[in-house]
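Visitor: Residues per chain, in single letters:
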Amino acid sequence: MLVLSRQRDESIIIGDNIVVTIVDIRGDKVRLGIEAPTEIPVHRREVFEAIQRENLLASRVQPRDVSPLRHPSPARNTPKAD
Amino acid sequence: MEVQTTRFGPIQIAAEDLIRFAEGLPGFPECREWVLLADGRNAALAWLQSVDQPEVAFAVVSPRRYVPGYRLHVARRELEPLEFEDLQAVRVLVILGKSDRSITLNLKAPVVINLDRRVGRQVIANGDLAVQHELPGPAAARKRIA
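Residue numbers (my numbering), protein chains in the order written: chain A, 1 to 82; chain B, 1001 to 1146.
Looking at chain B on its own, in the form it has when it is part of the complex (with noise of 0.2 Å):
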């Protein structure tokens, strides 16, 4: 099937590519389908696409490859719903934004998604998390050369 998008045009997955987010996600409800890409550029980053809104898709990456020591901590009823019985079929993923600084990840509210059921969830981590913790780097001096 061909996904239309508007970051990286139109692309051709399988059925079984298909993540089902049976809620969506905060602010998206109405997208229940998506899929993962790989970044071209960035082996560490992917995107979340969604399969119903071309516009719609997150940049995501693994949390602990970024912020040493993270630790998902989320009440069982949130993690419920992906049925998962294999820890290795698991992927934690954070959302990227940016800040006026920098660019910023999502702790507070990974995606967590059952590669095995092909199903996600963005769940709401327990403790003092950001939703935007600033990643030191480059962004804000590279924005304003551009």
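Next comes chain A alone, as it looks inside the complex (with noise of 0.2 Å):
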């Protein structure tokens, strides 16, 4: 892993379009600014993570697996308060 000091305020440049700022740090924490192309996807790595957990199980599902599944009610179109 290539691994570079940076303070507060500086950048690195990932290809030529992808630059990660570090914004802040406090403490333990460090808070990253993230510029990058919309069509790549910038994601907390746990949480993408639980997600491609998540749709490997998913992807087994079987139409027998599901069939419990209720209808559901129709809309009901409770009118808002306001």
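In short, the hints are calculated from the structure, not lab data.
From the structure, some residues in chain B lie toward chain A, with a derived Cβ separation under 10 Å:
hint	residue
1	A1022
2	F1028
3	D1039
4	A1075
5	E1078
6	I1095
Don't be surprised by glycine CBs; every beta carbon is placed ideally from N, CA and C.
Both chains come to you apart, so use the hints to assemble them.
Guide: Quick look at the structure:
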């Protein structure tokens, strides 16, 4: 792994269009600013991995697994209070 | 064109039925082309079937029909690749999973589809939402009988 030292407000650039900036450092927490083209997904790793795991499980769901799914009750448009 | 599926056998679809996920879905980066199939038994249920991998399909539902008050909050950049102008063309669907006890909904990562442009993306919603939101129901009981 490439390891670079950076101070607050300094950046690194990945390729020619992804910029990661150290926005703030407080204690053991670092805030990063990320500029990347919108077609490049940027996510917290643990969240992305949880979704990956869930997708792998969900992709194996068979029709019999979801047959107990109830038909939803007809959309009740409860009037809003305001 | 014919799409092979392990759940439903071969299916005839038109080219305009295809929905393109430019980055695939998390865990399935190579699956770019998908098709949305209605479920024959439950009108509330649909299947997002991979065109590339016959065994890969997700059962999906509209979240608001099962989780009243569900609203999608998502970073603008997440939706930009979908290029929608008209909100009427946008469908938000959530993927069904299963836990030991029940059917679950992935509320954290809904699938957003622009039906006009036939493009989709699984986005990651802001906020504290469950990847496995359990639905109340008889799933567990039925499983034991079967």
